[in-house]
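S.K.: Each chain is listed here by its residues.
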Amino acid sequence: MTINIIIGIIMILSFLGLAWYCVKGYNLMIGFFIMAGFWTILALVGNAISPVDSMQGKDIIDVLTYVYADGPAGYAKSILVNVFFGAFFGRILIETGIAATLIRKVVELGGDKPRITMSLLCIVTAVIFMSMTGIGPVISIAVIVLPIMLSLGIPSPIALFSFMGSIMAGIFGNIVNFKQYQAIYEGFNSAAASYTYSDWFQTGLIGMVVSLVVVLTVSNVMMNKKAAHAWAATTTNNNENAPAISWISVILPVVGVVAFDLPIILGFILSGIYAVITTGKFKGTYADICRFFAKLFTDGAIDVAPMIGFLLTLAMFNNAATFAAPYFTAILGNFVPHSALILCIVFAVLTPLGFFRGPMNLVGCGTAILAVVISTLPNAPVEFLYPLFAITTVCPQHLDITQSWVAWGLGYTKVSSKDYMKMSIPTGWVIGVILCAIVYLLYGGLM
Amino acid sequence: MSLTLQEMVVQLSKISPISWGMYAFSRDPLKNKIDDATKKEMIEKAIDCGIKKAQWVIETYKTNNPIEIANQLGLQVNSVCKGQVADRVLFALFTPPNTIDIMEEPIEKAVSSLETMNIISKETIYNLILGHEIFHFLEEEDESIYTRNEKIVLWNFFGIKNRSTIRALSEIAGMYFSLTLTSFVCSPFALDVILYYNYNTKESIKIYNDILQFS
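Protein chains in written order, with my numbering: chain S, 1 to 447; chain W, 1001 to 1215.
Treat the hints as calculated values from the structure; they're not laboratory data.
Watch out, some of these pointers could steer you wrong.
[Stated by the list, open to error] 25 Å max Cα-Cα, derived DSS-like pairs, lysine-lysine:
1) S:LYS113 x W:LYS1033
2) W:LYS1122 x S:LYS225
3) W:LYS1202 x S:LYS105
4) W:LYS1206 x W:LYS1045
5) W:LYS1206 x W:LYS1122
6) W:LYS1040 x S:LYS414
7) S:LYS113 x W:LYS1202
8) W:LYS1109 x S:LYS226
[Said to hold, decoys possible] Derived CB-CB ranges, DEER-like:
9) S:LEU446 x W:CYS1081: 52 to 58 Å
10) W:GLU1141 x S:LEU441: 37 to 43 Å
11) S:SER404 x W:GLU1007: 38 to 44 Å
[Claimed, not checked] If you want a taste of the chain S side facing chain W, the calculated C-beta under 7 Å gives, among others:
12) ASP112
13) PRO147
14) ILE148
15) ASN220
16) ASN224
17) LYS226
18) ALA228
19) ALA232
20) ALA233
21) SER339
Being a predicted model, the structure only gives us computed values, none of them experimental.
All residues carry an ideal CB built from backbone N, CA and C; glycine is no exception.
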């Protein structure tokens, strides 16, 4: 037992090391690859001294295969295909001008009223990111939305924060992200396989609305009572509007999955074809059309390429976390609450640990905590536990400076990390607290 | 063919006030909500508003020097070590109630360029920018001013109307306020080209060509 505790302590210290690594802005793909290796070695050493159940019947090659081959292979099969088609669909919304048109129309609705226009822009951004994926589409939308906000006199830290916050809100309803976290959860609890996007949809929408309300409240409170005036020289972009009939493309993938149980990839493809046809881009010879779609897919793949590398090493880390679980359980197992109320309170209080890829974040060190919680509470219903982990992942992660597009946005707007985090961390925490309370009210009775 | 800054400024000095106004509208998010004839009427009124406000200031404060006017009005004028945000070069920011931030970076870039200094002095750049921002302060103080009262209806839902002011008009009036104080050879809007030139020559020429479209 002593060796398990010592290894558990070393693993917890490595958590802190990873948090420091993230804050310093080092490459996450390499960071998680190193962490996967470090934890695997620690687990092998621990097993050699005091055998554990998770490695029973496995030799070193089996362990290495599970971490470095099965992990990425499983991830590719269940998640990456969705990421690629999500990115493809995102490119279609950009290239057809649908996303830009929606934004311009929203500004025309709000007019020269910074608070109203900012709110409308955030709502439409959240809706757009229920379907879109990847840093490419984020940048494509940001270069339209952020200059508009700045020209309305909204200070750049608030403009950036509200924009990133609205993307985070949209991610609560994003199908690709749902699939990603569900696959991670399923790796530790096979019951999650039957938990579908439709099951999550209600919680996701609540998460989206609560996040938007909190982000907009914080943004409005931080803004000056009267509008500022900025004199700036700008270059112009293409201003051609997409026809109104094409605008619904943005939500079609979600409608397809929720209303018609369509597979998500087919949903992306059909919605994409609809967008291309209704914007008049479906023209030319067969070869021209093929070239157009091939380019959209290629551009989409490029958009998510850095993320793919990271996700594959994260998959290695997730599988290494399976072997690390006994050591975390040795230290933390007795602290995992068994009551729904206490679990919700703990998740609410610890929401900030989802920042910097921390231990509450499934796209970070959180897989180890997930393993501990599931091994301690094997009968905890997915409908209750998944939303808790999703909250402490989606909310901090997509407001965090380790998120690729947030890091890009800080450079783009020249906002300091400090100014941004003054808003993002408290906001993320408040959203986490509210949503954990809602999860308790909705699903606490299932526990 | 690439253009020199000098050549562009010569051409820009020939641009009519209405054309400068149309250029300002081309940067406004509400540009598609107003027809060209209405825009021209609005531009004339905005120019008149800016000039009259400048004349009133000169008469009231007995000076046309923007720095002295800012002092007499009790404005807090700061120099900020910033400038470019994305592909947008920020010259100045007025934040109510009385703070004006003037960005040092575009001015310093201009000062370090011999080509720019042959056309315009540092003092003129500073005064044009400060004058423009002073207008925004006076605009906030005067509820009856034209730029705060000219509104368009953005939508009408069963009698519930959303009316909005037009930011471009405020900018146009601010430019002619500043121009009246400083007597620069062309509209202060020309700074968009002149100051952007030291960041990105190609994009500066693009802005110049945008302006020529309206002449």
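S.K.: Failing hints, ascending?
M.R.: 2, 3, 4, 6, 7, 8, 10, 15, 21
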